[in-house]
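Engineer: Residue strings, one per chain:
Number of protein chains: 2
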Amino acid sequence: MHPFDLALQMQPRADGRLVGQASRDYWNVVGPYGGITAATAVQAVLLQPAVIGEPLALTANFVAPVRPGEFTAQVTLERSNRTTQHWHLRLLQPNPDGGDDVVLQAMVVMGVRRDVWSGLSARAPQVEGPEGLKRRRGRDQIAWFSRYDLRFVTHPFKVENPDEPIVHWVRDDPPRPLDHPALTAIADTFFPSIFAHRGGVVPVATVSMNVYFHCSRAELTALGAHWLIGEGRSNVFHEGFLDAEARLWAGDRLVATTHQVMWYRD
Amino acid sequence: MHPFDLALQMQPRADGRLVGQASRDYWNVVGPYGGITAATAVQAVLLQPAVIGEPLALTANFVAPVRPGEFTAQVTLERSNRTTQHWHLRLLQPNPDGGDDVVLQAMVVMGVRRDVWSGLSARAPQVEGPEGLKRRRGRDQIAWFSRYDLRFVTHPFKVENPDEPIVHWVRDDPPRPLDHPALTAIADTFFPSIFAHRGGVVPVATVSMNVYFHCSRAELTALGAHWLIGEGRSNVFHEGFLDAEARLWAGDRLVATTHQVMWYRD
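Going line by line, the protein sequences match chains A and B.
Mapping to the numbering used here: the first sequence position 228 is 231, numbers consecutive.
Mapping to the numbering used here: the second sequence position 11 is 14, numbers consecutive.
Honestly, the hints are just simulated from the structure, not real lab data.
Do not take every clue at face value.
For chains that are exact copies, the list does not tell them apart, and a pair is met inside one copy or across any two.
[Said to hold, decoys possible] In silico SDA-like pairs for lysine to any residue, Cα to Cα no more than 20 Å straight-line: (1) Lys161 with Ser124; (2) Lys161 with Gly122; (3) Lys137 with His158; (4) Lys161 with Val205; (5) Lys137 with Phe155; (6) Lys137 with Asn98; (7) Lys137 with Thr157.
Note that the structure is predicted; figures quoted are calculated from it, not measured.
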């Protein structure tokens with residue numbers, strides 16, 4: 004089984020909650036990679052018997068560090084109509100006092116797509132293919148970095164103009180057919196452009212992450228394990244919090260847009 | 004009292020919930036203007052005794068049409084630490100069966116700003132001032148439209164290139180000092196660029212709205228009733244759902260960025 008699918012495995016409990024394990028395969032420095040936690044939220048909704056449509060929007064708020072070991076997903080259907088469905092989700096982990104701590108809260112909107120006029124307004128990036136580019140490697144202890152084949156078209160922090168988007172190619176390693184949870188996790192592979200502004204890595208942490216999905220399950224399945232191009236930038240770094248916005252392309256197909264608010268220290 | 008402050012008035016109940024009235028002053032076609040409902044969510048959090056810091060991020064999901072009359076805000080503090088605070092909110096309205104319907108669910112992140120390096124990456128728009136521009140009027144029955152002095156720099160649907168951002172000036176009418184709830188409501192004044200693509204108004208409805216705040220309360224207070232410049236665009240219109248992203252500027256100060264997923268019919 005692919006490490007991504009292993010990471011997202013959850014078992015239903017009698018009370019309807021889902022139980023999973025924080026993935027070591029996607030471990031970051033002090034907890035799991037944020038993208039895998041966000042993907043878990045999408046997956047927990049997709050596993051609900053009442054779910055309709057396709058993932059349309061996710062907002063995942065990183066409430067506290069996720070610790071090693073078990074977590075529980077508490078998923079609530081707030082409202083459902085013919086076209087959209089609104090879910091709320093908490094990821095819980097046991098605390099030393101015998102209770103549960105919320106470590107993530109998220110909202111997922113499901114939507115039923117329809118055969119109406121569609122169009123693209125953003126311009127697809129014209130960049131060299133991934134073949135000739137060097138794969139970026141992280142330090143050995145950062146497990147999640149080995150789960151993605153990341154190839155930067157623009158250097159993530161040595162750039163002439165730090166206001167230009169940072170562009171990278173990305174694909175699961177090993178390659179894996181795309182779906183909405185995978186796209187969610189990939190939406191967190193962007194390097195914060197504050198590194199380019201400050202000329203190196205500074206401490207950052209995602210506070211809130213937003214993903215808008217612009218493709219159906221069938222379209223993703225047809226793409227298979229397609230290379231994606233990411234274009235990411237920030238608008239502002241202000242008194243300890245910055246924003247980030249990014250697009251994910253499969254060729255000239257815009258598959259997702261994503262936004263973050265991050266905490267930073269300088 | 005300013006109609007905006009009247010619209011946001013809520014009374015605490017014994018169980019901690021807040022009770023308010025859907026504002027007629029900000030009425031849209033079949034319910035209140037989405038921006039006033041989103042602003043209500045921010046205000047309901049700001050009224051909580053345990054609140055710390057400044058609004059950092061709001062995601063408001065429009066779960067069902069808000070009806071005339073009373074609503075109740077149920078606000079939950081999911082987690083608090085030294086730097087951030089995570090809130091969840093439901094707006095409820097009574098249904099004919101004697102129960103409550105969720106009409107909005109939202110998450111608000113509060114953050115404590117710090118005196119660290121700050122910077123701007125986005126470029127402020129260089130546009131003519133609002134003085135020489137004609138105010139855009141809506142049909143008389145659309146009350147919320149009279150609550151904003153909206154002056155378009157680019158025509159909202161007759162444009163040469165519908166992929167270019169739509170730029171407008173906006174201010175509360177009557178003018179009112181800025182704060183985070185006001186900024187939230189203003190973040191919903193953008194005209195969807197699908198009107199430009201389709202050459203006229205088509206039915207749209209916001210499904211999810213995101214606001215990232217890039218200024219403190221003190222900075223907003225110093226700005227007073229400043230004119231804001233909005234730059235809004237869409238990336239994609241796909242099978243019944245579109246995205247929108249926008250920036251709000253006070254001169255060369257980026258005060259907020261905002262994103263939406265909207266349902267559309269064509």
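Engineer: Work down the list of hints and note, for each, if the structure agrees.
Structural biologist: The hints, checked one at a time:
Taking CA atoms no more than 20 Å apart as the test, Lys161 paired with Ser124 passes between copies only; the shortest distance there is 16 Å, against 30 Å inside one copy. Proximity of Lys161 to Gly122 under the C-alpha cut-off of 20 Å is restricted to the inter-copy arrangement: shortest distance 18 Å between copies versus 35 Å within a copy. Proximity of Lys137 and His158 under a CA criterion of 20 Å is satisfied intra-copy only: 11 Å inside one chain copy versus 46 Å between copies. Taking the closest pair of Cα atoms, Lys161 and Val205 come within 20 Å of each other only inside a single copy of the chain (14 Å); across copies the shortest separation is 45 Å, beyond that limit.
For the homomeric pair Lys137 and Phe155, the shortest alpha-carbon distance inside one copy (8 Å) is at most 20 Å, but the shortest distance between copies (47 Å) is not. Taking identical chains as interchangeable, the C-alpha atoms of Lys137 and Asn98 are never at most 20 Å apart, the minima being 43 Å within one chain and 59 Å between chains. Proximity of Lys137 and Thr157 under a CA criterion of 20 Å is satisfied intra-copy only: 11 Å inside one chain copy versus 43 Å between copies.
Checked against the numbered hints listed earlier, the structure breaks hint 6 alone; every other hint is satisfied.
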